[in-house]
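Fit chain B to the supplied structure of chain A, relying on the hints for placement.
Number of protein chains: 2
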Amino acid sequence: MNTQFHVISTGMQPLEQFVTIAAHIHPYVDAIHVREKTKTARELADFISALVARGVPARKIIVNDRVDVAAVFGVKGVQLAYHSLSAKTVKAHFPSLVVGCSVHSLEEAMEAEKSGADYCLYGHVFPTECKRGVPPRGLETLKTIASSIYIPVIAIGGIQPDNVKQVLQSGASGIAVMSGVFLAKDPLARVKEYARMVKKWGEDFNEW
Amino acid sequence: MNTQFHVISTGMQPLEQFVTIAAHIHPYVDAIHVREKTKTARELADFISALVARGVPARKIIVNDRVDVAAVFGVKGVQLAYHSLSAKTVKAHFPSLVVGCSVHSLEEAMEAEKSGADYCLYGHVFPTECKRGVPPRGLETLKTIASSIYIPVIAIGGIQPDNVKQVLQSGASGIAVMSGVFLAKDPLARVKEYARMVKKWGEDFNEW
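These protein sequences, in sequence, are chains A and B.
When the letters of the first sequence are read in order and numbered with full-length UniProt numbering, they come out as residues 1 to 208.
When the letters of the second sequence are read in order and numbered with full-length UniProt numbering, they come out as residues 1 to 208.
These aren't lab readings, by the way, just hints derived from the structure by calculation.
Fair warning: there could be bad hints in the mix.
No copy labels: a pair is met if it fits in one copy or bridges any two.
[Claimed, not checked] Calculated pairs, SDA-like style, for lysine to any residue (alpha carbon to alpha carbon, straight line, at most 25 Å):
#1 K114 / T40
#2 K165 / S96
#3 K200 / L106
#4 K91 / G74
#5 K200 / V134
#6 K91 / T40
#7 K39 / K91
#8 K114 / R42
#9 K91 / A58
#10 K114 / S49
#11 K39 / C130
#12 K88 / L15
#13 K39 / E129
#14 K88 / A53
Only chain A is shown next, with the shape it has when bound in the complex (with noise of 0.2 Å):
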C-alpha cells in the first residue's frame, strides 16, 4: 500500500488564498481536506466547486463533518469527529464515500475500526501552534495503534519534512499538514519537500 499524503485547510484561509494554494499542490497530495468548522453548508459548496473549477479533482477531496456536502459533491470522502454523524451510520447510507475517524487513543481507534471507518485519523503527535497548550500525544500511542488495528492510521500534528520519517516508523499509513503546508511561505515547496520525504520512506522501507 501506498503511504498517504493527506493536507487539510486551516479554516483561517479565504476561499480564493486556499483554493490557490491546492490548484498547485493536488499533484502531490492523495488527500486535500476542506476542514471548515464554521463554514455554512453553502460556504463549503463555494469552496468545493471553487477546487474542481480550478482542476482539483474531486477524488482527492475530503470534506470535515458534513456527510451531505460530500454526497452531493461526489468527492472522495468525509471525517468525522466525536460530533459528527457515527461511521457506521455514514457508511451505511452513503456506501460511496470513504470514511475517516478523527481519533485521540487507542479506545477510539477501536471503536472507529469497529464501527466500519476507512481509515483513522490519530493526532495530535508533535506539539503544533493549532493546539497550544494541549501536550501532544507523542509516538508511543501511534505506534500502539498502528499495530492495534488494520485500518491505515495517518498521523498529524507538528510533523515536518524532518519527522516524517520517524512517523511513518512508528506504523503510521500516512502523514497529514495543516498550517505546515496551507501557512508555509511557499506552499508547493513544502509539499514537495513533505512529499519527497513521503516517498524515500517507501523506497526505503521497500528496500528492507
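Chain B in isolation, oriented as in the chain A frame:
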C-alpha cells in the same frame, strides 16, 4: 388541501424537555421542526432518535439545514436557509425528502419555488420576542407571496390563536409556531388552541 400546522423547536430547550413536549403534542400538528442551529450532527441525531423513541412519527419530523441527518433518519424533510445547500441540489440528490425554504421576501419565495422547494416558510409576520427589534414583515407581503407562487406558504412569527384566521385569510397555507407552543406554560393546551383555530378556518373556508 389541508391547512398545515407546523411547530418548531426554539434551540433553547434541553433534549428531554423538548422531546417530552413533542411526545404530547404531535397528534395535533403536521410537522415538528428540529431547528437547533448550534447543535452538532450527533446531538441532532440524539434529538431525532429520542423523538422517534417517544412515538413521534418520522414522517412528521423536519430537520433544519442538516440534510445528512434528515436522510439517515428517513424523516419527512429538511428546512433550508440561505446558508444551506440549495433546494435544487437537495431535491436532486435526496428525492425522498420534502424541502422547505425559509424566505423573507417575494423575490426569495419565487427563487425557492423555481429551485424546486416543496413549500416556503415566510416570516416573521407579526412582532415576536425571537426577532426583537426587527420590524415584522406584515400580512401585505404574505398576501403578495401567497398569490404569486404555487407552492404552499407557511407563515411564521408572532402567530397567536387569535390571529390565525387573519394569517390564513391572507393566503397562507398554514402556520408555524415556535415559542408560542414550546415556551408556553401548557404547551398541549396551547397546541390544541392553535389546532382548533386552524381547523375552524378549514371549516369556515369550506362553507364559502
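Verification of the hints:
1. K114 / T40: Between. Shortest inter-copy distance 22 Å satisfies the 25 Å Cα cut-off; intra-copy 30 Å does not.
2. K165 / S96: neither (32 Å within a copy, 49 Å between copies)
3. K200 / L106: neither (28 Å within a copy, 61 Å between copies)
4. K91 / G74: For K91 and G74, both the intra-copy (14 Å) and inter-copy (15 Å) Cα distances are at most 25 Å.
5. K200 / V134: neither (31 Å within a copy, 61 Å between copies)
6. K91 / T40: both (23 Å within a copy, 19 Å between copies)
7. K39 / K91: Answer is both: 24 Å inside a copy and 22 Å across each meet the 25 Å cutoff.
8. K114 / R42: Result: close only across copies, 18 Å inter versus 32 Å intra.
9. K91 / A58: both (19 Å within a copy, 21 Å between copies)
10. K114 / S49: For K114 and S49, only the inter-copy Cα distance (22 Å) is at most 25 Å; the intra-copy one is 33 Å.
11. K39 / C130: Close inside one copy (18 Å) and across copies (24 Å); limit 25 Å.
12. K88 / L15: between (31 Å within a copy, 23 Å between copies)
13. K39 / E129: within (22 Å within a copy, 27 Å between copies)
14. K88 / A53: Answer is between: at 20 Å across copies they meet the 25 Å cutoff, but 32 Å inside does not.
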